[in-house]
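S.K.: Could you slot chain C onto chain S? The hints should help.
Going down the list, the sequences are from chains S and C.
Going by my numbering, the first sequence opens with residue 1, and the numbers climb by one from there.
Going by my numbering, the second sequence opens with residue 1, and the numbers climb by one from there.
In short, the hints are calculated from the structure, not lab data.
This structure is a prediction, so every number in the text was calculated from the model and none was measured.
Each residue gets a CB set at the ideal place from its N, CA and C atoms; glycine is no exception.
Accuracy of the hints is not assured; some may be wrong.
To be verified - One-sided excerpt, in silico: chain C residues whose CB lies under 10 Å from chain S:
hint: 1; residue: Asp45
hint: 2; residue: Pro47
hint: 3; residue: Val121
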Amino acid sequence: MNKILSFLAIGLLGVGATASAADIIGTVTFKGTPPAEKVITPILDDPTCGASYNGKAPTTHFYVVGAKGEFGDVIVSLKDVSGKSTGSAAPAAVLDQKGCLYTPTILALQTGQKLTVKNSDPVLHNVHLNPTVPDNATANAASINAAQMANGPDLTYSFPKPEKFLKFQCDVHPWMLAWVTIVDSPYYAQTGADGKFVIKNVPPGKYTLVADHRKAGETTQDIEVKDTDVTVNFTFEAK
Amino acid sequence: MNENCQTHYNPWLHYFAIATAIITFLLIGLGGLVTSHEAGMSVPDWPNTYGYNMFLFPISKWVGGVFYEHTHRLLASTVGLLTVILAVWFWRREPRRWLRSLGWLAVVLVIVQGVLGGLRVSLKMAWLGVFHGTVAQVFLVLTFCFALWTSRWWWQWGQSPAPALVSRGLRRHVLYATLLIFLQLMLGATMRHQHAGLAIQDFPLAYGQLWPDTSPEALARYNADRVEVVTETPVTAFQIELQMFHRLGAVIIFLAVVACAWQARRQLGGRDVLARLAAGWLALIFLQIGLGIETLHSNKAADIATLHVMIGALSLVTGALGCVIAFRRTGTAPDFASQTAISGGLTSPAGWAVNK
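Here chain C stands alone, though its shape is the one from the complex:
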């Protein structure tokens, strides 16, 4: 363990950061269940619950959609408290100023999240759910980054053997793939918050075609034939197109993550942590595509749809952690130019960042 690690690594802070990240991930799942069960408006008031103080609402009344919405609010309050504790802990014990600042940013984000969720209910603005779902993903990434940055592994960075350099190209590809996943998540959130059920119910075709007809006559036909147990909202051309772009997005992301995993393995070797992370990332994308297809086949069964949300979130987190690691491995790599001079004139591979 290096001196830096010995002095500053705080295992209990790290475990607390991990716990916060995991509980936040579970909160994303619970939020997913709220939307999957169409329960977002099942508690008409906020911050009270059917007139009760939220923390005193009788368990006997946790019925139907109320169960999901109310437990979501309770777990959200828990995550809020954990975030405040983490921020204060950083403030008191964390030597890295940027991390202390991010701790307070997390507090602001979690408050914004709570207010967004509350306003969605009290102002009856279902579309606010899209922003609520998106901010949730950003917050989740931050909590997992906290877990990474407080880890012994991160503090021990640079110990012999030094991690291999990451090329600028690979770093860029990981970033782009992560951003694509974030856009895909926003698209998914927009789809789910239309509250119109599945706009397209067949796969791999869409209404029997490669690209479905969205003329008014076709829409009238689709809506006449559709029978749904919940929502029963007529499907629109916009909703059909959203789903088509979501399907296309899945293909593009799959190809992007395949490229990242292949490039990482080729450049860094299969045992490198970044290569292994990229391989795990690819496995998640495979799983995510399977869940997406099963969401369609199961007519958006709540548990499958929610799992799809959670694996999507995990895919984003994996990409984000990959970005953080890749950027550090170009940011703190030893001066390659001076090393090659010492070793006798080998040229550095083109495109490799040599910043300190």
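If we strip away everything but chain S, and leave its shape as in the complex, we get:
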């Protein structure tokens, strides 16, 4: 009987805990005409890199905007929420080098979370980070500009402090660029091409929700999370 009561108590606590967190869901849109993307013509000048593209060079995609203004690659997070990172237990995030491009171009992860950088290309790259937060530079000093031979072993990074849009580049192929945002909590999401985001299991409270785009800037909204999902939409406008 005591055992049954214990299990019941634990079950009720669990339900209670879940019931006190809610999701923040929403959509980010872009109003107006974004700047035109540029064709990465130098990629075709490189015989190995160019081989992947059959004479048609890819373009930059700094503004991922859908037909109805859906805005992708926006990082949405709770502002000034720190010390809640579950990054050390989270699976590694992956940044790949494929077709002489970084994939994805925009990536978000938590402090303490592992970042694996792969080279899936049949050509050497150098992985060169540009942290602006000193602790992130110190933590990765040994690999801040690391050689990675063709199909070579993965490189691993981890960042102790939050930082927005930390730039990764390859100096062998200077058009190869990616930006990684490091958040000090699990309460963040990155919009897909449909502009949608979901931040799961946010504890109740009042917060400032911030939407960051590398080029378009940031915009914030004050919200209150109770025990039901909160819908928040953001709009960026062409400058």
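M.R.: Chain C alone, transformed into the frame defined by chain S:
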């Protein structure tokens, strides 16, 4: 040929000095290509190359930015060797002690250059590239001076007809214009080593204005609108102002060199070597301004930007050689006062140096 020339002029030393100067100039170009292609950090280690001994790095791996950075290191090693050979040759055969000393100074400079370049990579300090680029220009000037000082023309100085005196004013103007060019080169090196692409992309206006707005709101607008294939580093107010001062510097230098060329022609006549050098200098400045404008229009195309670097270097060398020649023509001119006494009381023009 005078006795001095007959005894001391060494044609093979002179040709070697010329070759060293030309190869150093090509090295400046290759270094320019490294920065223009944003390849300065494409070889993460030094003095090795991707773990290989630098001289044994397989050609199959000379790809992308590695090609420029690695060949730059190889050519730099060649220039280092040529410099050592030149210094030793001076030490063994050169009668002028000051030139022997300068030969060793060149060795020190080229070693410093190599270390600066290596530290930039191994310490990951991109800003060291500015000093590396600046010392390169000083070294280049020295190599061209070596070529001049070992020439038959220099050894034959003073042979009849004696070269005309150069006024103190003209000498000063050539020096100032040369120093202005050196400052402009440092400004250009600082701009290039920001690794931010073109901070201003329109010309002759800047963001549509005579002097651009650099408020935080304006910067946010510029950066939101900018789409770059390489670097994609947000532009700062400092970088915009750097470019504006570089543009102003170009105008001031143009006016300074016009003044030098006009003054040289007026004082010395169009056939004088210094007047012709000044005319050539002016032509270089015209070309340099054109290349600067084309660098903007081509969105910093690597070949145009590199040519701009090379012509800038050549402009500095031309000014420096002009200074050396002008200073000698005031330094070794015959005593004008005694000559005028002999010729019957003509007064020397005001401001003409009469030192021996």
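S.K.: Would the hint on C/Pro47 be counted as holding, given a Cβ-Cβ threshold of 10 Å to chain S?
M.R.: With a closest approach of 15 Å, the C/Pro47 hint is violated.
S.K.: Taking the closest Cβ pair, is C/Val121 under 10 Å from chain S?
M.R.: holds (8 Å)
S.K.: Does C/Asp45 hold up as a contact with chain S if the rule is Cβ-Cβ below 10 Å?
M.R.: Holds, because the Cβ-Cβ distance from C/Asp45 to chain S comes to roughly 7 Å (cut-off 10 Å).
Violated hint for the displayed structure: number 2, the only one.
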